[in-house]
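Visitor: The task is simple: from the sequences and hints, build the whole structure.
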Amino acid sequence: MNGADGAGASKAVPVPTPDTERYWQGTARGELWIQRCGACGRSYFYPRGGCPHCSSTDVTWTRASGRARLHTYVISHRPAPGFARGTPYAIAVVELEEGPRMMTNIVGVANTPEQLDLDMALEVDFEPRGDQMVPVFRPATDAP
Amino acid sequence: MSDRRAVIVGAAETERIGVVPDVSALEMHVESARLAVADAGLRMGDVDGVATAGISPIAVAHYLGIAPTYVDATTVGGCSFLVHVRHAAAAIAAGQCEVVLITHGESGRSRVGAPPRVMDPASPMGQFEAPYGISGPPTLFPIGVLRYMKEFGLTHEQLASVPVAQRRWSVNVPRAMYRDLLTVDDVLASPMIAYPMHLLECCLVTDGGGALVVTSAERAKAVPGPKRPVYVLGAGEAAETPLVSMMEDFTTSKAFRFSSRSAFAEAGLRPGDVDHLMIYDAFAHLPIFGLEDLGFVGRGEAGDFIADGNTSPGGMLPMNTNGGGLSYTHTGMYGMFLIQESVRQLRGEAAAQVPGVEVSLAQGVGGMFMAAGTLILGTEAAAGR
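Chains as they are written, first to last, in this note's numbering: chain S, 730 to 873; chain F, 20 to 404.
Derived by calculation from the structure, the hints in this document are not laboratory data.
Beta carbons are placed, not taken as given, at the ideal position from N, Cα and C, and that holds for glycine.
It is possible that some hints are incorrect.
Using C-beta positions, here's what the derived DEER-type ranges look like [as the list claims (entries may be wrong)]: (1) S:E760 to F:L218: 36 to 42 Å; (2) F:V38 to S:D860: 39 to 45 Å; (3) S:V838 to F:H175: 19 to 25 Å; (4) F:P210 to S:E760: 51 to 57 Å; (5) S:T786 to F:V38: 47 to 53 Å.
Guide: Here is the structure:
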């Protein structure tokens with residue numbers, strides 16, 4: 730549990746900071762929250778107290794749909810602590826429906842080049858890392 | 020009239036590179052510093068500026084008995100030393116210093132006197148990348164390669180042709196760690212590290228150091244050293260993101276584009292004017308990105324360009340002629356070795372010498388497409404054009 734596996738080590742646990750706390754409160758509830766700029770209207774990730782597109786600090790939190798597409802990835806054959814049992818595994822970047830991209834893992838499908846097609850439809854899920862929950866993505870159930 | 024243009028008058032690497040388990044990182048700085056100052060025909064007392072990354076320039080200066088009146092601790096990854104040259108050139112032009120010593124030393128392989136590698140779990144990387152099982156640059160730097168392949172049709176064979184091309188150089192470089200010729204099949208048969216990257220598409224991990232001495236053209240003329248000065252014709256620096264997952268476009272480096280644009284503008288040159296090219300090759304896709312982002316070829320053309328032999332010996336654009344980070348050495352912050360090879364080629368003293376090099380460009384990267392530094396260096400003839 731909590732990411733411990735046969736190798737005896739645990740997966741890296743994120744430590745929230747004041748500007749990211751609401752994001753991690755959301756993931757603990759099984760929700761993905763991102764920020765949207767009131768000035769230019771664009772959404773962004775990672776969480777921070779100002780819009781990276783236009784520098785406005787008029788930003789609000791908004792719950793993301795959880796729908797995303799697989800943008801790019803590598804499949805690591807060198808397990809990080811806690812990942813030995815699942816090696817090789819994909820370290821991916823997904824593009825959220827709202828626009829921003831984020832690093833993640835892909836679950837619910839074999840992590841092979843044959844099974845992981847770029848731009849495939851995904852939906853968010855959550856996995857524990859220590860006392861935190863992190864968003865991961867699985868193939869979308871309503872994908873055409 | 021005073022000529023405050025910057026010139027590199029001293030350049031040297033540590034006598035041993037590769038596996039050097041009996042020398043600390045700091046000693047690598049110091050050894051290369053002494054060799055570079057001697058190469059310039061100067062004494063340590065002539066140095067009034069010190070720049071380095073990975074360790075404090077004050078530690079290096081104090082070890083060498085220098086009380087510098089110019090220090091630069093800019094640390095932006097492996098391109099730091101190219102950026103140090105740019106900063107030194109500006110400081111020399113402004114009259115703030117006369118002789119700047121830039122040092123690199125790293126016990127990347129043996130980890131002698133090297134700082135521990137730590138990840139702050141509250142940093143952006145600690146929060147938004149580390150939980151997904153990253154384990155060093157091989158799992159991060161190449162993350163955009165599949166996207167590039169999909170967008171531009173780059174094949175695994177073309178990617179594998181990058182280390183193949185560079186071995187054609189290192190076969191003639193006695194100091195290179197790997198000197199056996201490779202085939203594309205050899206590369207594709209080497210162990211998978213992080214798909215799509217095989218072992219032979221990932222850089223070496225080595226020990227070593229290097230140093231440069233930069234001064235003004237007028238001082239180099241007044242106090243001539245044993246070697247011909249190498250002129251800094253143009254330089255650039257840029258930064259994009261601390262997190263590779265936040266790159267604006269995974270098929271191109273904004274830092275490469277912005278940094279090289281500055282350097283070409285300052286030099287008043289274009290890619291077609293470059294005789295010799297060094298592009299930081301921590302992984303095989305970097306020369307592909309670099310060739311396109313610097314404007315040597317069009318978007319999506321670099322894979323073919325390399326696979327067709329254009330960057331190999333006898334090709335139209337000799338690139339990474341020491342064998343690069345893939346074959347020569349890669350201490351961790353490899354950028355110093357780009358500059359060293361450019362200087363050797365311009366002086367006509369490289370192991371795999373290209374005939375008639377007048378203009379050499381060195382393109383560095385820092386972090387995982389985090390930052391970039393560009394130097395366009397030239398002979399006195401090129402500087403006088």
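Visitor: Against this structure, judge whether each hint is valid.
Guide: Tested hints:
1. S:E760 to F:L218: 36 to 42 Å: Cβ of E760 (chain S) to Cβ of L218 (chain F): about 41 Å, so the range 36 to 42 Å holds.
2. F:V38 to S:D860: 39 to 45 Å: holds (42 Å)
3. S:V838 to F:H175: 19 to 25 Å: holds (22 Å)
4. F:P210 to S:E760: 51 to 57 Å: Roughly 40 Å apart at Cβ, these two residues miss the hinted range, so it is violated.
5. S:T786 to F:V38: 47 to 53 Å: holds (51 Å)
The structure fails hint 4 only (numbered hints given earlier).
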